[in-house]
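Asks: Sequence:
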Amino acid sequence: MTMKIILWLSTGWIPIITGIMLINETKFKKNITVGVTLPYEAREDADVLQILKRYRRGVEAVCGFLLVLSLICFCFSSETVLMTIWMIWIDLAIILPYVPYAITNIQLKEVKEKKGWKRSEEQRTAAVNLSAMPSYSWISPWVFAPADLICLALILFDPSMFLMYLIFAGCCAFCWFSYRYLYRNKAELVDENTDLTIALSNIRRYNWGKTWILCSYAMSIYAIVMCFFVSYPIISMIMIVAVTAILCICTYRIEFKTRHLQEKLTKDSGRQWYADEDDHWIFGIFYNNPDDSRLLINQRIGINSTVNLARPLGRLMYILLALVIAALPFTGVWMDSIGTQDISMQITENQLTVKSGFTSYRIETDEIRSIELMDALPTNLHRKMGTGMDCYLEGKFTADEIGDVTVLLDPEVSPYLLIQMEDDQYYLFGTRDGEEAEAAYDILRK
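Residues in the sequence shown are numbered consecutively from 0, following numbering that gives the first Met the number 0.
Please note: incorrect hints may appear among the correct ones.
In silico lysine-lysine, DSS-like type, Cα no more than 25 Å apart, as pairs [said to hold, decoys possible]:
hint : residue 1 : residue 2
1    : Lys209    : Lys263
2    : Lys52     : Lys111
3    : Lys52     : Lys26
4    : Lys26     : Lys114
5    : Lys354    : Lys209
6    : Lys52     : Lys114
7    : Lys52     : Lys256
8    : Lys263    : Lys52
9    : Lys266    : Lys114
10   : Lys117    : Lys266
11   : Lys354    : Lys26
12   : Lys354    : Lys266
13   : Lys256    : Lys266
14   : Lys26     : Lys111
15   : Lys395    : Lys354
16   : Lys383    : Lys26
17   : Lys113    : Lys209
18   : Lys266    : Lys26
19   : Lys111    : Lys263
20   : Lys111    : Lys256
21   : Lys395    : Lys445
22   : Lys52     : Lys266
23   : Lys26     : Lys117
24   : Lys209    : Lys111
25   : Lys395    : Lys383
26   : Lys383    : Lys354
By construction, these hints were calculated from the structure, which means they are not laboratory data.
For clarity, every value in this text was computed on a predicted model and none was experimentally measured.
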């Protein structure tokens, strides 16, 4: 039941957020609604309003269906089946809400052409001097540096988890890299009003920076929780959920604030000349412009960025993303293969090897200080980093009696070998066959 609740709390809200974002697309921002650029008069057009009304109902219906469908996870007890069903649900939650979006985008483009709103190439040519825009002063990397330093400093408190803290520090550095290099200007152009272009650009860049700063410091807080509260799983879980919720609320608030300002500043635009890039946006979602040499491009609404499908690397990135989405339903099968793979113990003259799949631990027998055969797991054995399943534990753990311990075992099959090394490192090993562990204990004890 715990795993079901965690899955639901961690991803069950996806349809709600997606639905709110997609319904917000019906409001005209920069003359765009549901990915289609329309003139000012279209905002009161009966056909356009009818299409948008159907679109809102469609998004609400799809997202409501997905929320109800998410409750199906509570009907399965098998971890393998549960993960398979849940990953299929995530695929549906990612794809289905955009079906009414794509359909509506096509319908609006048809209305646009039928009513003569589609502009010629000459009409869509920009006549704005973007070189007149003042240079933007980027936020200093030192603003991101404390989050990085916090993650690295935690290595002093818990050296055994240095790899995890390095990963968190790398995530903080990636937040600065994303802020600095994943931003492009072109999508801010609305009409010939240069002041408006400058204002929209500054709004986006300011909020873009705030988002990545928040993400960077959230990473450092996650690392702190992992370091100091790993022995209190309930408290650490509550803290992680709370930080994640605050991060999501803040980032979505920033996104909607940006959208609101884009809507407010362009409420009177579209009466004369206005930028129209619809031909380069497939379904209003995918950017495809062979004449644009850039790989990254701003989304036209909000603060996000996307990639140019016309570039080879852009196509490769979308192919990889599609493969990841297609592979999600096989997560349960993959977890089952890990949870049921063999765990073997081999003892040579001076070495003990415990192996499972690609994971292997080798320790020198002459460096063993003590060995104990345990019929039960240590009290409050909690995972710090690694794999924790009903029938497979592997990685770095902590326990009340021994502190940090490296684990590889099947928790459902006892006994277990608790080994203390001369350098006070602890190892806890087990197999799928209790007799094999007992035989290894007898050999090592002699």
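Asks: Given the hinted pair lysine 266 and lysine 114, is their alpha-carbon gap at most 25 Å?
Replies: This hinted pair holds, its Cα atoms lying about 21 Å apart.
Asks: Tell me if the straight-line CA distance from lysine 52 to lysine 256 falls inside 25 Å.
Replies: holds, 23 Å
Asks: Can the restraint linking lysine 52 and lysine 114 be considered satisfied, given a maximum Cα separation of 25 Å?
Replies: It holds: about 19 Å lies between the C-alpha atoms, which stays within 25 Å.
Asks: Is lysine 383 within 25 Å of lysine 354, Cα to Cα?
Replies: holds, 20 Å
Asks: Does the structure keep lysine 113 and lysine 209 at a Cα separation of 25 Å or less?
Replies: Since the Cα atoms of lysine 113 and lysine 209 sit roughly 42 Å apart, the hinted pair is violated (cutoff 25 Å).
Asks: Is lysine 52 close enough to lysine 111, meaning Cα to Cα at most 25 Å?
Replies: Satisfied, since the Cα-Cα distance of roughly 17 Å is no more than 25 Å.
Asks: Between lysine 395 and lysine 354, does the CA-CA distance stay at or below 25 Å?
Replies: Given pair lysine 395, lysine 354 holds - Cα atoms ~15 Å apart, limit 25 Å.
Asks: Keeping to a limit of 25 Å between CA atoms, is the pair of lysine 263 and lysine 52 held or broken?
Replies: The hint holds at about 21 Å.
Asks: Decide if the proposed pair is consistent with the structure: lysine 111 and lysine 263, CA atoms, cutoff 25 Å inclusive.
Replies: holds, 23 Å
Asks: Regarding the pair lysine 52 and lysine 26, is the alpha-carbon distance no greater than 25 Å?
Replies: holds, 11 Å
Asks: Within a Cα-Cα threshold of 25 Å, do lysine 26 and lysine 114 meet the stated pairing?
Replies: holds, 20 Å
Asks: Run the distance test for lysine 354 versus lysine 209: straight-line Cα separation, threshold 25 Å.
Replies: violated, 46 Å
The structure does not agree with the numbered hints 5, 11, 12, 16, 17, 20, 21, 24 stated previously, though it agrees with the rest.
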